[in-house]
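Enquirer: Listed below, chain by chain, are the residues.
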Amino acid sequence: MAAELHVELVAADRQVWSGQADLVVARTTSGDIGVMPGHQPLLGVLESGPVTIRTSEATVVAAVHGGFLSFADNKLSLLAEIAELADEIDTRRAERALERAKTEDDAAAGRRAEVRLRAVAVR
Amino acid sequence: MGAQLRVYKRRIKSVTATKKITKAMEMISASRIVKAQRKVAASTPYATELTRAVTAVATGSNTKHPLTTEAESPARAAVLLLTSDRGLAGGYSSNAIKTAARLTERLRGEGKEVDTYVVGRKGVAYYGFRELTLADSWTGFTDNPSYADAKEIAAPLIEAIGKDTAEGGVDELHIVFTEFVSMLTQTPVDGRLLPLSLGAAGAGGGGKGELLPLFDFEPSAEDVLDALLPRYVESRIYNALLQAAASEHASRRKAMKSATDNAGELINTYTRLANAARQADITQEISEIVGGASALADATAGSDY
Numbered sequence: 001m002a003a004e005l006h007v008e009l010v011a012a013d014r015q016v017w018s019g020q021a022d023l024v025v026a027r028t029t030s031g032d033i034g035v036m037p038g039h040q041p042l043l044g045v046l047e048s049g050p051v052t053i054r055t056s057e058a059t060v061v062a063a064v065h066g067g068f069l070s071f072a073d074n075k076l077s078l079l080a081e082i083a084e085l086a087d088e089i090d091t092r093r094a095e096r097a098l099e100r101a102k103t104e105d106d107a108a109a110g111r112r113a114e115v116r117l118r119a120v121a122v123r
Numbered sequence: 001m002g003a004q005l006r007v008y009k010r011r012i013k014s015v016t017a018t019k020k021i022t023k024a025m026e027m028i029s030a031s032r033i034v035k036a037q038r039k040v041a042a043s044t045p046y047a048t049e050l051t052r053a054v055t056a057v058a059t060g061s062n063t064k065h066p067l068t069t070e071a072e073s074p075a076r077a078a079v080l081l082l083t084s085d086r087g088l089a090g091g092y093s094s095n096a097i098k099t100a101a102r103l104t105e106r107l108r109g110e111g112k113e114v115d116t117y118v119v120g121r122k123g124v125a126y127y128g129f130r131e132l133t134l135a136d137s138w139t140g141f142t143d144n145p146s147y148a149d150a151k152e153i154a155a156p157l158i159e160a161i162g163k164d165t166a167e168g169g170v171d172e173l174h175i176v177f178t179e180f181v182s183m184l185t186q187t188p189v190d191g192r193l194l195p196l197s198l199g200a201a202g203a204g205g206g207g208k209g210e211l212l213p214l215f216d217f218e219p220s221a222e223d224v225l226d227a228l229l230p231r232y233v234e235s236r237i238y239n240a241l242l243q244a245a246a247s248e249h250a251s252r253r254k255a256m257k258s259a260t261d262n263a264g265e266l267i268n269t270y271t272r273l274a275n276a277a278r279q280a281d282i283t284q285e286i287s288e289i290v291g292g293a294s295a296l297a298d299a300t301a302g303s304d305y
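Note that the protein sequences, when read in sequence, are chains C and W. Take the first sequence: its position 117, counting from 1, is numbered 117 in full-length UniProt numbering, and each next residue is one higher. Take the second sequence: its position 9, counting from 1, is numbered 9 in full-length UniProt numbering, and each next residue is one higher.
Calculated directly from the structure, the hints in this document are not laboratory data. Possibly wrong hints are sitting among the right ones.
[Claimed, not checked] Here are the in silico distance ranges between beta carbons for each label pair: (1) C/His6 with W/Glu72: 53 to 59 Å; (2) W/Glu179 with C/Glu99: 40 to 46 Å; (3) W/Ser94 with C/Ser30: 31 to 37 Å.
[Stated by the list, open to error] Heads up, simulated BS3-like pairs for lysine-lysine below, C-alpha to C-alpha not over 30 Å straight-line: (4) W/Lys13 with W/Lys163; (5) W/Lys257 with C/Lys75; (6) W/Lys98 with W/Lys13; (7) W/Lys151 with C/Lys102; (8) W/Lys9 with W/Lys23; (9) W/Lys254 with W/Lys98.
[As the list claims (entries may be wrong)] Over the 10 Å line for every Cβ pair with chain C, so calculated as not near, a few chain W residues: (10) Gln4; (11) Ser43; (12) Arg52; (13) Ala56; (14) Glu110; (15) Gly162; (16) Ala166; (17) Leu214; (18) Val224.
Note that the structure is predicted; figures quoted are calculated from it, not measured. Even glycine gets a Cβ: it sits at the ideal position worked out from N, Cα and C.
Work out the full structure: start from the sequences and follow the hints.
Expert: Laid out in structure tokens, this is it:
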């Protein structure tokens, strides 16, 4: 098997996750993309949605709100303004936020809450 | 107690109260510097990766973008100035304002109009008092800025740079903020944010002497650049805000430390003066008693004869 993939998931104000992985699946503006070790150098724009990082031991899911993905030399950087691991997401709070966003007609907040819930569901 | 002594005692009491306050502010600032520095460090990975990506797109493709191309004859420039909301930080805000004024002067000398954008109540007050017009201003978050604040600041700036100069847009974007060099040194710096000079972008990030591979763009180089550059500007502004916050706390700590030291010195001086006054009072009292007693003794002795 080819060398492992080194992944850095970075939010604007902190480093969310970093480590070795076998496969990363993320959603770009032109559709889902899977990156494995040895992929061609790539730069893409991410959509809000869950990102799945599969390592040899476990699968890490994170909710990403907008951002980029850049891959070169078996190093994958996922940059997002806001990124949270599914384990960090408070499901009940996200549900409440979704309810509130619906009643207040706040599309951005609603989308954020939905992405969080989707990430939790994938896990 | 003599009147003189009472005045000194009162002075000592008031200076002691002031000293307590400045000491507390010094310690609060000292603890916040550490927090602010940690935030700067936490935002670094994002900034580095973003710079790498921007450099990669800009060098790896021949796309032209308004944010990377220099205008042939720049007519208007925007200056973003970062000051503090609160005072008592020594020369922090005024040094930044002075640097901005020098930059404005230079830009005007080059024949450009200057739009000023200000962050922080101190800067707003400075420009307001002199009745200078501000293109926009933000206040209320300078000591603990968040990424959302940086986004809010970046939005009108990016919009202005995208517009034509004739319609009120700008060709260049400069930023003035106080760089956090060390605990003891903070220097106000000015720098050009846009149009991007790629040499600077490469030197600033992880791209040092590193050969960048040919990237595959998803969906296309233009789209990637379109999405990437505003984020780059935001991240640079965020970084500047965080450094400015750290500098603000550091210079407040320094100012409050010297205020505490001065108060201590003043207390010493007044204590000595109060001691001298007390001693003078006692001396006077003794000489009065002695004088009285000897006068009495003289009088009694006189009656004997």
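Enquirer: So, for every hint listed, does it hold in this structure?
Expert: Results of checking the hints against the structure:
| no. | hint | result |
| --- | --- | --- |
| 1 | C/His6 with W/Glu72: 53 to 59 Å | violated (43 Å) |
| 2 | W/Glu179 with C/Glu99: 40 to 46 Å | holds (45 Å) |
| 3 | W/Ser94 with C/Ser30: 31 to 37 Å | violated (51 Å) |
| 4 | W/Lys13 with W/Lys163 | violated (61 Å) |
| 5 | W/Lys257 with C/Lys75 | violated (47 Å) |
| 6 | W/Lys98 with W/Lys13 | violated (38 Å) |
| 7 | W/Lys151 with C/Lys102 | holds (24 Å) |
| 8 | W/Lys9 with W/Lys23 | holds (21 Å) |
| 9 | W/Lys254 with W/Lys98 | holds (20 Å) |
| 10 | Gln4 | holds (59 Å) |
| 11 | Ser43 | violated (6 Å) |
| 12 | Arg52 | violated (7 Å) |
| 13 | Ala56 | violated (6 Å) |
| 14 | Glu110 | holds (34 Å) |
| 15 | Gly162 | holds (18 Å) |
| 16 | Ala166 | holds (31 Å) |
| 17 | Leu214 | violated (6 Å) |
| 18 | Val224 | violated (5 Å) |
In this structure, the hints that do not hold are numbers 1, 3, 4, 5, 6, 11, 12, 13, 17 and 18, in rising order.
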